Structures are given as C-alpha cells and as structure tokens.
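Residue numbers (the working numbering), protein chains in the order written: chain A, 583 to 1331; chain B, 1012 to 1093; chain C, 1012 to 1093; chain D, 10 to 242.
Hints listed in this document are in silico derivations from the structure and should not be mistaken for laboratory results. Model, not experiment: these values are computed from the prediction. Hints should not be assumed to be uniformly reliable.
As the list claims (entries may be wrong) - With a straight-line Cα cutoff of 30 angstroms, these simulated DSS-like cross-link-like pairs (lysine-lysine) come out:
1. D:44 with B:1046
2. D:44 with A:842
3. A:1331 with B:1016
4. A:1153 with A:1088
5. A:1153 with D:242
6. D:219 with A:1002
7. B:1016 with A:1002
8. D:164 with A:1034
9. D:202 with C:1075
10. C:1075 with B:1046
11. A:1031 with D:231
12. C:1076 with D:44
13. A:905 with A:1073
14. D:44 with C:1075
15. D:44 with A:1031
16. D:219 with A:1034
17. B:1076 with C:1046
18. A:905 with D:44
19. B:1075 with C:1016
20. C:1076 with B:1046
21. A:1035 with A:1088
22. A:842 with D:31
23. B:1076 with C:1016
24. D:164 with C:1075
25. A:1031 with D:219
26. B:1075 with C:1046
27. B:1076 with A:1331
28. D:11 with A:842
29. A:1207 with D:219
30. A:1035 with D:146
31. A:1034 with D:31
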Amino acid sequence: MEPRNNEGLKPGIWREMGLTDAEFEKVKNILGREPNYVELGIFAVMWSEHCSYKTSRPVLKFFPTRGEHILQGPGENAGIVDIGDGQAVVFKIESHNHPSAIEPYQGAATGVGGILRDVFTMGARPIALLDSLRFGSLQNPRTRYLFGGVVSGISGYGNCVGVPTVGGEVYFAPSYEENPLVNVMCVGLIDHKDIKKGTASGIGNPVMVVGARTGRDGIHGATFASEELSEESAEKRPAVQVGDPFMEKLLLEACLEVIKSGYVVGIQDMGAAGLTSSSCEMASRAGTGIEMDLSLVPRREEGMTPYELMLSESQERMLVVVKKGTAEKVKEIFARWDLEAVVVGRVTGDGMLRLTEGEQVVAEIPAQALTDEAPVYERPYSEPEYLSAVQELPVAKIPQPVDYERVLMDLLSSPNIASKEWVYRQYDHMVGTNTVVRPGSDAAVLRVKGTKKGIALTTDCNGRYCYLDPYTGGMIAVAEAARNLVCAGAKPLAVTNCLNFGNPEKPAVMWQFRRAVEGMSEACRSLNTPVTGGNVSFYNETRETAVYPTPTVGMVGLIEDLDYRCTQDFKDEGDIIIMVGETRMELGGSEYLRVAHGLEAKGRPPKMDLELEKKVQQAVLESIKRGLVKSAHDCSEGGLAVALAESCISGGIGAEIYSVENIRGDALLFGESQSRIIITTAENNVAELIRYLTVMEVPFTRLGTVGGRELKINLLDPGCAAGRPRAVINLPVSEMEKRWRGAIECLMK
Amino acid sequence: MYQAKIYITLRQSVLDPQGSAVTRSLHAMGYENIKDVRVGRYLVVEVDAAGREAAEEQVHDMCKKLLANPVIEDYTFELVEV
Amino acid sequence: MYQAKIYITLRQSVLDPQGSAVTRSLHAMGYENIKDVRVGRYLVVEVDAAGREAAEEQVHDMCKKLLANPVIEDYTFELVEV
Amino acid sequence: MKFGVVVFPGSNCDADCFNAVKAVLDQPVEYIWHKSNSVEGFDCIILPGGFSYGDYLRAGAIARFSPVMEAVIEFAHRGGLVIGICNGFQVLLEAGLLPGAMRRNDSLQFICDDTYLKVENADTAFTALWQPGQVIKIPVAHGDGNYYCDENTLKELQQNNQVVFRYCSPAGEVTAQANPNGSIDNIAGVCNKQGNVLGMMPHPERCAEKILGNDDGAMLFKSILAAWQRRVK
Ligand SMILES: Nc1ncnc2c1ncn2[C@@H]1O[C@H](COP(=O)(O)OP(=O)(O)O)[C@@H](O)[C@H]1O
Ligand SMILES: [Mg+2]
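The following block holds chain A by itself, in its conformation from the complex:
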C-alpha cells in the first residue's frame, strides 16, 4: 500500500517493488538519504530488468553495432540505417509476451502501439509492421484462444492506424504453451534531415505531455515483465492496458507534423514505466535535468497520486521538449488533431529529475542515477544439463520413410510449415500501396515511392535450433534472415533483435543467452549486418520451464532497382531449377523428425558455415541483379522437398526433379541443411548462370525443370551409372496446396 504523506516506508517494501536489499542500499547511497515512496517506486521501475537491462547489458556488448550504413545504433528509441538519396530506414522490434499471455487481444494490440511510437518518435513515418509469434500446440483450446486473440489484436490495432503488416512468422511448440511470444517489428521511412532524438536539451525549454490522458492502467507493467508468470499474474490484471489505435493514428500524424515544424527539441514515447522512463532517459541523454509539476498532467481519473502518475503505462502518450516560446504553436498543431498538449515542466541544468505537486517537491533524483547508474549483473552461467541428452541422435536407429509422399503431405500441413494465410489475411498488408511483394514469400518488399528502390523485410528464428545449440541457432537466425532478403533480391543491411529467454538468474538460461548472442554476433559480423537495437525479454517461463531460447532477428535489406526484385514462385514451363549450396547428412532439430518420428527437439541443429553462407548469398544476389534468376527460395523448415513444394504452390505450376541420392533419402529431401537457395532461370540463361556460379566458386546442383501440374521427385543412384531413377514423390500441386493452405484454418475452426 502506498503510504500517505509523511508516513515512513514499510520495512522491506522495496522487495515487494522488485529491488534487492543491496539495490536499496545503493539507492540510499545515491540520494544520501532514505528515498520516499515515490522515489523508491521510480528506482524500482527504472532498475527493473525490463528498463535497465541490468543482466543483459554486459552480453549485448558482443554485438557489432557499427557499419557504413548505420546512422543510429543501439541507445535510441529505434535504429536507423541509410538507404541512399538522403533517405533512411528506422526500425525496431519489441516483445509484449506477458501482457499477451494474460489478455491476448489487448496485450498484442498495445505491443503494436508501443513499437509504432518508437519509430515515429524518431520522426519517421511507419511504413510496415512484422510480427513474430510463438505458441503452444494448436490442439490445445487455450492456445487457439491465445493465437486467435493475438492475431486479431495485431490486426485490430495495426489496420486501424493504417500501417501494413507485411510479414512475420509463427511457430508452435510445447515450450510456449503457457508463455507465448509476441514480438512486433516496425519499420519507418525518414529523410536524414528530419531525424529526431529523445533528448531534453536546452535549459528552460518547456516539457510537454501530449496525447491520451493518464489513467491508472498498467501501473507496474515493467516490473511485471521482469518476473515469471505465475498463478498470481492473473491478479496483476491492472497491468493490462487497453489500446486506442484511433488515438495513436492522431498522435502519429500530429507528432510527424510537429517534428517537421521545427519546434521540437526532443521527443520520446511513454512506453514501459511511462512518464518516469521518458523523462529521466531524455534528461540523462542530454546531461540535463527535468522538473515537472505532476498536478498539471491531464488525467482520466480523479485522485491519482504522484506515484500512480509516474508509473502509469497508459498508452498513446508522448513526452516532448520544445523550443522556448513555441509551446502555444505546438498546442495548436495538436489541437488540429483534437489532441491535448500540456506544458508540465521544463528542462533544468542541475541534472535532477524533480517532481512537484504544485509547490511541494514529491521526488528529487539525479536523472543519470536512474539510467547510467543502474546496477549491472554479470550473472553466472553454465551449460545446461539437458543439452547432452537432447543432442544425441542415433540416426541409424531412425527408420527411413516408406512413403515419401505422405511425409511431404504431413510436413506441408504441419502448422509450423503450413501457409500462414489465416494470419496475414487478417492483417491489412497493402495499405500505403507500397507492398510490392506481399506476405507469403521469403521476404516482404516495399517500394520507396518516387525512387526505383525497394526495402525488403523479414523476421526469423528457429527456437528449436537454439534450444539444441544456442550458438549455432543464433548464427542461423541471422543467416536465414539475410538469406530471405537475398532471395528477394535485396542486400541485407542491418539487424534488430528481440531476445526471448527464461529466467536469467538460472545459470543454464544465462548460458543459453550468452551463447545465442555470441552466435548472432559472429554471423552479424560475417554477413556485415550490424545490430542497431532491439529488446530483451527475460523471465519467459512458467512453473520452472523456460521457453525455447528465441532470439528473433528482424532484418532490413535494400533493393536498388525494383526491376530486379525476386519472389519464390516458379514462373514458367521449362525454366531450369538449380540449388545453390549443398545438402549434408543432417536431420537434427528438423521438422521432419517431429512430424514423422515424434521427436520434438532432438539432435544437433544443422551446421552453420558462415563462409559458405556468405558466398551463396553473394552469388545468388549478384545473379538476381544480372537478371539471370526468375525465382529464388531458401530451404528452411521441411528442407528441399518443402521448399520445392512451396515454389510450386505459389507459382501454380509443377516441377520435375532428379537428385542424386548420395546421402539418406530423408536427409536429402527433408533435412534442413543451411545455406541453400533454390533458384530458377530461363533455359537460355542457364549456361551463363552456371558459368557465373562456377566463377564464384559456390557449390550448386542442377535439379530439374519447372512444368506440369505435379511435383515429381526422382532419386538417382550415386554416380548415376546404373539403374532407373527411383520416383519417390509424384503429387498434384493442387492437392499439396489444399493441405498446405487449409491446415491452420482447419485447426482454428
């Protein structure tokens, strides 16, 4: 309970707020006195894992963050990457896992709202959203409720604001049963000259609160995100906020207008920890202080205390520092959009976050103490015990399939592989008329109006791989994202990431976290795609079981000339199919093992050879740019056979394949070896393409021809000398399509 004025602090109250005894001592040292209740609340929320990154900070240092295209790396509300012509892309990904577990619709909706604000607060117009989702099994009614609610929440919010949701991913695995993951990425477009930052500079400049009124909703949201879900979580329901996408749309337009006006010094959205984090972060970045009179903050409810006002996470609000003398002009702009903008304080030179109620000071804290002096923990880590047991895979004991057709059909209807149309049909993915490649291909592509340029976007992460080997899994997440962009004809530029893990106080989780980040860092370095920011979501566990380590990678790529964009669908009868890369004897972690052998997560994930990956990507990208490639699709879950089937289905045309069976047939067709891209080319370009691939020294195999109404796969003896080809698959494209397209819808009925 919040004490009334002058009452002392209840002993141990800091623990209820999530601070340790040592952290409480540190607070006292910083202040040189006991904090009062409001101050303690402010420290607790700013030093929560969610806001302070106290556990992850030392590990996040591994990420490469610099590169020739990077205009803004980690530390701001979103990253920025240059795309030439004085234009740039602003992007960031964020999680809303815990709120979505409790109230899927509003949890996901407000997640969209938050990430949109992170992008337009930089001055960029949001042009795309992507969503990366993880749930338990769809057989479970609760999963269906969560999945349905999350998708309609994203749809309800994003569609209304008018930002297209153009891509994403959805996976289903038991580890996410009670703790689904909802990660949303937003991408915006900006001219370099319009870039704004979250800094409160210029002593005496007014500080304004704009947008929605402050209510009691979401108090403690950040603290809530920093602990495990439990039975009592349901009781923390006030932590759930309701979003108002219409208000967000107004706020978006008004903020962009006000930023263009030149009156704005700094601007930041009120996300987790609301008024608290926005004010102290803006002051801290500028090395200034902020003084606010809380009695001036517009509120929805009567009788709100300073503590509640500072910790509320009411949505659709921003904190804006404007140039002296321009507050009235700024108010006018907001009024045009029927929004309130109120001066609540000013920038000061003493570095203090000083809060008053009228004349009376209710809190006084050095702003930088809340941000820069937050505790940092080098938590112990050690290899988890489960690892050696799950990594073991006695391949010899796994029988090869008798019926390859059945395996392929089962894979196509596995929710992890099946069409995600049920999801993206609910998202407006076309508003803005920039969507040149819609969801359903390897990466979405948006045009940049008025130029020949295109932006390619994707999110990727295979949590199962990361569970089996977080280092390799982390590398693969980055490599696959880049590969997806390359398949669209784009040069991968930069990464944002959302690191979803369990409780980091457990050495095993900490080990997963470190290894995943190390793997990602290595791949980012190798592929020259620096990290510009992201989000860490810990404590994704219930009753002692953590989710699969899931470091979602969001990546942005550039297509210089949209005439040379590429999609995954097979185009014309007679086109030649070539696989770039090579297939190894790898089955570990595959969807095939789960679907055909009931092994959810077993073996080691496929090997990641970054040198090979780089070569494959360069060769394919260059071939696309030379106009030699008619379709490109990467092999991911389900392997070669599924990739071929997907290209057939999206092209509405068949293919005939002859492949040398130099390894086990199931590994050949369903194994998930990395660094493979299936491309097609017109017959008259084959010679040139092959010459080029040879010069580039990448391994490749000519697989067959596009045509007909069936996908036919024949296996040949090694050496191809004797014997007839073994026809293992001959399936009508229409039948595969039916299974693939209908699988999720059928489960959701």
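Since chain A is already given, all that's left is putting chains B, C and D with the ligands on it; use the hints.
Okay, now just chains B, C and D with the ligands, sitting in the frame of chain A:
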C-alpha cells in the same frame, strides 16, 4: 424457456476508447450536456433450461468462460421466463 | 443528472453474424440448450438535463441520429435520475 | 479535372487515393480536411478507406457528422461525382447517400485479400471503360463489409441497375464461395439512382499501378476522367 439479458461493461478503471469517441462526437453535435458515455455489449440469449436456478448457473458459466473477458470486463444479467 | 441505459439491437429480420458465431461457440462448448443469441450494444450515458422529459427527448434524438442505425438497428432505453 | 480526397482524422487510404489519381491520371488532386465545410471547385470527391473516427460505434457513423459531409451531401445532390471506397462506402451509407448498411463480416474476421468482381453495371461514370460483365481483380481489406438492405430495397437496386459490382469467382460465377464477407446478393458496390454516387468495399487505388502486381483498378479512375470530359463537352 428463459431469456437472459446480459450486460457486459468495461471495468471502471479500464480505458474505454469507444465511449470517449462517442462522447466527443456527441459534444461536437451540440449535445454538450452529455457528461460521460461508456460502451458495452448487450446480449440476449435464449436458454432452454429445466428451472430458473439451472438457467442462472449456466448463464454465469457462459459469461465467465466465453461472453465476458474477466480481465477487463464485468457482467450482469437479468433472467425472465418466456 | 440522469443516467440513460441504452440497448441497441439488430432488427429481428437482420441476420446477426456475431450472434450466430456466439451460438455456434456455445454449442461447441456443450451448451446445446442455447437456442439463440443476439448481440447488441449497451451504452450508459450521463445526461445533465433540466428534467426527465428533456432528457428523454435528447436520448431519443441521439439514438436516432447517431447511436443506432435505423436501417438495421432498434433501440430502447431506461432513464434514471442519479 | 480536379479531385478532392476527404481526410477524416482516421482515414488511412487518403494518400493512396491521392497517389492513384496522380499516377493514373496525372490530374490535379487535393486533400479536403474533415473540418472544412466546402467542397467548392472539385469535380470528383473521394471518400477514402480507413477508420474515419476509429470506426467506434459503427464504421462511418461518427464521420457522417463531420462538417465536410454536409458539403459532400449537397455536392452529391447537385449531381457531383462522389466515390466512397471501403470506409468511404460505409460513410456514404451512414449519411444516407446510398441505401443499406454494413454489418460485421460473417467470419467476424478482418479480411485482406484479392477478390474478383463482376462489373454488373458498366454504364456509370465510374465503370464506363469496362465491358459489362467483365471480371476484374481488386483487393478488399475490411472488417465490416457485410452489406445489408431489406428485400424491397434490394429489388429496387436490382431493377434500377444500381448494383455495380458483385463478388465472383475468377471465372465470373457469382457464388457464395466467392463472397468474402457474407454481403447480401454478393454485393461489392452500389450506386445511387442517378448514378453519380458510388460506394464500393474493394480498393481500386491499391491496384492501379503495374508495380503493385495488378492495375485493374486504374480503369475506374480512367472512367471517371472520361465521364467528366464527356460531361464538360
Ligand atoms: N505472423 C505472421 N504475420 C505476417 N506474415 C506472416 C506471419 N507468419 C508468416 N508470415 C508470412 O508467411 C511467409 C512464410 O513464413 P515462414 O514460413 O516463416 O517463411 P521463411 O521460412 O521463409 O522464413 C512469409 O512471407 C511470412 O512473412
Ligand atoms: Mg524462407
């Protein structure tokens, strides 16, 4: 046969964007004396139950499980025999 | 000060997609004795009016103009002084 | 010919309509703010898609009372060309410029996808360049596109040839399966008796340029210009 009239409303402290939008619009239309609008849902359900108590229990049940979202909503209902 | 509780429902002749969906879900959940569900809106409006009649007239007015769509919806309301 | 695109605070296809007019016709086009009370000087008014006022209460219900709508209604009554796309259609219904009303999609889900439309009336100012009965592909994106009107109204619509577009299969069959939202008689677009006001759920502005993979929608804009040129002559 019973008819249940079910009223589902957002909890008091939960933001009601719909209500605010309607209030604003009513004000713009000149109804300035409208102080507050809250928007909820209203369901009319025909229940074929043996008795009043059974029907009542069932409606409670349905509200909790499906019709209302207990995280942000409250419900009440009236039951009449028809 | 008056409080109006306004009930807006789809006209009987208009097929109610939400109601049908709820009925289907309830049946799937085992409530097979649910015969029909109609989903409407429930608004609680605070009216600062001089007297009952004035308030009543205003609510009628608002309903006709904005709150209900006469092509597909009917409305009723109750008014209490608060 | 001068086009005006109305901007309600929650419109989000306003820029798309603006761009389509520019890209397809290269004619003058301006935004009209919802608080404006005049549409003087415009030859065609577009009410764009989006969520005009959050689409709270009912889609288009609140927008209908914005100042600009009085001017639009008057403009329409004078015979001016008005087209409402998606949310704009909903606003036209709420404003009484077109008969009927919108309900939630029968799936209760928002749907964003390509649909095929049969041009049932190729005599309007908006459709004249299509062939009667032609099948075109135009995407939809809406949660409330389930068109309703009572039987008498439907009969009237049919008799007066006011049904402009119907959802159909790629081969042109008007079937329940081809209906994305449950709308009565597969109606995707209707016009008023005079034929100068059109409301349609599908988004022609989203498929008006080759680069977007489909430019079937361009014909609608071209038809409008052609009709206007005929009129002016
Ligand atoms: N949640 C989602 N939201 C939007 N689009 C999605 C979602 N999930 C999958 N998609 C789209 O479906 C297609 C296939 O997804 P996925 O199987 O994850 O592709 P890949 O294996 O190439 O990464 C992609 O275009 C992707 O963007
Ligand atoms: Mg892929």
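Original post:
Checked against the structure, which of the hints given earlier come out wrong?
Top reply: Of the numbered hints given earlier, those the structure breaks are 4, 5, 7, 8, 13 and 21, listed in rising order.
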